[in-house]
Amino acid sequence: MRAAVIVVSDRVHSGEREDKSGPRARKLLADAGIEAGREVVVPEGREAVAREIDRALADGVRLIVTTGGTGVGTRNLTPEVTAERLDCRLTGLETQVLVEGLKSSRQAGLSRGLIGLTSRDERAALIVNAPSAPGGVSDSLGVVLPLLGSIFERFQ
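All residue numbers for the sequence shown refer to the numbering used here, where the first residue is 1 and numbers rise by one.
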């Protein structure tokens, strides 16, 4: 399975802050035997996030992990951009991620990250919006990665 990691952060994009969420996502993917062949850092907002998600989909990537842009700030639009590309939200997984996150941080309740499928056929891609905090990335992928087989076996 091909994966892409899209880091959404104005501060990481500008060089003001070190990226910690992208490396965490890549490591968790690698530990699950999935290569993140593509990792990009984009600023928050609609345009750059949409462009990179669309590019990954056009390249046939089956798992797209975004980190950041899921909060309540005016430029935190990753969930809105993602929603426009989803055919089927996996709200149960979103809830599981929230429950995991709340075990270690009240801030988890501020994330609006979505998880869902772009279609329900052999071209389906799974998009996972993780928070920017490395712990939030671990919570999100800790829930999703063990279920990838169950999700995608329906479309083979």
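It is worth saying that the hints were derived from the structure and are not from the lab.
Backbone N, C-alpha and C fix where the C-beta goes; we use that ideal spot for every residue, glycine too.
One or more hints might be untrue.
[As the list claims (entries may be wrong)] Mimicking EDC-like on lysine to aspartate or glutamate, the simulated pairs with C-alpha atoms at most 16 Å apart in a straight line are: (1) Lys20 with Glu39; (2) Lys20 with Asp10; (3) Lys27 with Asp10.
[As the list claims (entries may be wrong)] Ranges of calculated distance between the beta carbons of each label pair, as one might list FRET restraints: (4) Asp59 with Arg106: 14 to 22 Å; (5) Ser104 with Lys27: 28 to 36 Å; (6) Asp54 with Arg120: 13 to 21 Å; (7) Gly37 with Ser104: 15 to 23 Å; (8) Arg120 with Thr74: 31 to 39 Å.
Structure-based check of all given hints:
1. Lys20 with Glu39: Holds: Lys20 and Glu39 sit about 13 Å apart, inside 16 Å.
2. Lys20 with Asp10: Between Lys20 and Asp10 the Cα gap is close to 14 Å, so the pair holds against 16 Å.
3. Lys27 with Asp10: violated (23 Å)
4. Asp59 with Arg106: 14 to 22 Å: Since the Cβ atoms of Asp59 and Arg106 sit about 37 Å apart, the hinted range of 14 to 22 Å is violated.
5. Ser104 with Lys27: 28 to 36 Å: Violated - the Cβ-Cβ distance for Ser104 and Lys27, about 18 Å, lies outside 28 to 36 Å.
6. Asp54 with Arg120: 13 to 21 Å: holds (19 Å)
7. Gly37 with Ser104: 15 to 23 Å: Given a distance of about 30 Å, which is not inside 15 to 23 Å, the answer is violated.
8. Arg120 with Thr74: 31 to 39 Å: Holds, since Arg120 and Thr74 (Cβ atoms, about 33 Å apart) stay within the stated range.
Of the numbered hints listed earlier, those contradicted by the structure are 3, 4, 5, 7.
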